[in-house]
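Protein chains in written order, with UniProt numbering: chain A, 1 to 427; chain B, 1 to 492.
Pairs of lysine-lysine, DSBU-like flavour, derived with a Cα cap of 35 Å:
1) K71(A) with K471(B)
2) K286(A) with K372(A)
3) K66(A) with K256(B)
4) K94(A) with K491(B)
5) K416(A) with K267(A)
What the hints contain is simulated information worked out from the structure, not anything from laboratory work. The model shown is predicted, which means the values in this text are computed figures rather than measured ones.
Each chain, letter by letter, is given below.
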Amino acid sequence: MGRSQEKGQGPIYNMRLSTVGATRATETGAIHEPTGLDLAMKLHYLKAAYIYSPELASDLSVTHVKEAMFKLFDQIAWTTGRLWRRDSGRPYIKCNDCGARFVEGECNFTVEEWLSKPDRSVDEFLVYHQPVGPELPFSPLIYVQMTRFKCRGLALGLSWANIMGDSFSLFYAFNLWVKVLSGEKIYAPETSIIDRRFLNPNPTVKDPESIKQVDPVGDLWITPNNKKMASYCFNLTVAADQMSPHFPANGDDQIPVFEVLAGIIWKSIAKVREDPEPLTVTIIRKDPNDLKPIRSIRNSQMISSVHVDFPVAEAAVEELVRCMERATDERCGIDEIGESCDGSLDFIVYGAKLTFMDLSEVDLYEAKVMRKSPESVYCNVEGVGEEGLVVVYAAAKSEERVVTMTLPEEEMERVKSEFKKCGLMAP
Amino acid sequence: MPDFSSSVKLKYVKLGYQYLVNHFLSLLLIPIMAIIAVELLRMGPEDILNVWNSLHFDIVQVLCSSFLVIFISTVYFMSKPRTVYLVDYSCYKPPVTCRVPFATFMEHSRLILKDSPKSVEFQMRILERSGLGEETCLPPAIHYIPPTPTMDEARSEAQMVIFTAMDDLFKKTGLLPKDIDILIVNCSLFSPTPSLSAMVINKYKLRSNIKSFNLSGMGCSAGLISVDLARDLLQVHPNSNAVIVSTEIITPNYYKGNERAMLLPNCLFRMGSAAILMSNRRSDRWRAKYKLCHLVRTHRGADDKSFYCVYEQEDREGKIGINLSKDLMAIAGEALKANITTIGPLVLPASEQLLFLLSLIGRKIFNLKWKPYIPDFKLAFEHFCIHAGGRAVIDELQKNLQLSGEHVEASRMTLHRFGNTSSSSLWYELCYIESKGRMRRGDRVWQIAFGSGFKCNSAVWKCNRTIKTPKDGPWSDCIDRYPVFIPEVVKL
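So that you can see chain A by itself, here it is in the shape it has in the complex:
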């Protein structure tokens, strides 16, 4: 459950729920069949929150936003459908135009006050979230929250069921929606089931490390964790002089910023989590073979696994970075597992092992309203397993990155103090 639904708590009030869909009726009987990889990701939900300043957003009324959403869903009408199960138990999406849930809310802070809060995970309040279930045919796959700040600024939060598509698809859909708001015409081509397969040059990996089976959850798709998870989000500078102490630059070579950050964080978490140390991590990023710009809603993210044989806490960051570059793409194996169980078994990928997600290649600030970028963008995943997740993505300033961590609550404070020790976070 996201934070913004806890009744009576939180800074968002006056919440009203309605539904937005497509303008045209989809033909009766249309369905969307999830792939094995889609089914493996079903317990996860992707979240994003975009904050726009009052100069851009004060004229944007609920009607404008909803109308633009309708035009967006005309292009991707299947995402407004609902999940049904076949006789075999395999879930599929019935394209019945049911719609995405639209939540309006108000906030007593101004955008400035909101952005001055040091822990950016307050943006979780800007994303309304409910899991799929307990009744599949009546659970929306997409929740959109529109929050109006005291200064007339606006926040748009999306909660997106991972069974439909990955983070890159979410950003693609959001960018299309922003284009509609600016008055442009949009067109999203339909993706056939063949296009949704990914190119995998590696041979099939048996027993992929990055996926873990969990206890059956039935029709309520929540990751069953024994520990309570917490999120923390902060900015950090990745200028060359900050990075080089950890990763001596080899002449003209570009510093692989994400890998270095991931390495540093992996070390810090390994120091906190002594027994057992996380020797295997999962790396999720955009598929480098995906040459086309993202023009479809699908799960195409590369999921790869890294295993080291040496203790991580004492290792050099350089070593870890080199190992990460040799990560094995496990998507085929995951797809096979998802396919073979026909949706009857439940798995997690985010948090099955300590997971690092790289969204830094996505230009989040391209989502311009009135030709101006958002003030801030927040990304996270709901339904993360106990091993934890670290998401790295671009900040408003090009030399900064934003890191959102979701870890067991009991580890969070110690991890933060480790970061302070190694200079990642200000003391």
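With chain A fixed as given, assemble chain B onto it according to the hints.
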């Protein structure tokens, strides 16, 4: 084979009979003219001149006769009721953002009525069999979970539907707001102060001596009641025009309880409105679309069962809704019969009236066991607009009047595309017929509306000029998809 040939023979007998009786006077004229012609030919030119001279025309007789003729014709033209024309009309097309697919309606229902699963089940069964499509629209306030029917929202819906329809009407007819002489607004269930007609006058800055009326509480047949009122006023006021706005505001009337008989309107009523311009000016004769021939109103309120069959009341929890009784169809049938008894003699050709009379005489006077003869209204009208109150109403009327599928197509398709828009549904149906290019000069249209009370009102229009397929209007973007096949039960 013998059945087929005998039915074909019967058909020709019927046709022959109809032609004979309906054109009786003209047929009689032929032998008379033949006799006169034969006589004239027999007499020869001098005899004809002699007969002419013997008539002794003198000036006084000529003058008196001509004065008599002029006097009689003046009295005739003065006492003839003014012809009332329907110049043009426009129907409101709701914005696509107000669309309510079945799945969305059911999901909202489950969330709002989460404590009454039986009521949700009931609504689902109604929706499956309702004959509505996936493109009907509800006002923005009803899209919220739970709906937020405040007075402000109701007014805002009223402004949206009424002003859009009126703007469209002004554009189509070139009418200036200050030229409106009579304004009639009918909306049954929303009656604020100041009235909706005052709201229209305020918005368009109409004249201070305008004759405005606001009809509320009169149900789905109020559209034709407004037409009747306009007609009567146009008899009294020469050289005037009248604007009628027919609508039903859904926002304040969404039933929030869980009593099954009262949930039905939630499933069927949808957003819609129509604005109509009527006139008695001779200058409008050339551009008017229709001429009003007859308007018959039948009220069955004197009968208790009819009076209580559509009743607004509070349920056990104090929530207000409209209770529809199970006898609704039977009462509608009776009201229709009463209406037909009045309208039949006005519109049916002589052949049908004669047959009906003979059947009546046979049954009542000679007590013969004949089935009551149902006159064939298809001979009197080319098009039928039956109020799209629900699938059951249209089925019942199709059966009672023995109409074919094509005759009731306009009603069924309007129900599918727009739902039950109450008093404005007749106008959407008329617009459907025009959009299909079926309306020709001289075609007669029968509009039948039912309403709470219980009332049955009919209007008969005659098409004044062949109407070109309209390029805009509520059907312009979807007319090519219609008619659609509407299954008996739509599986949700």
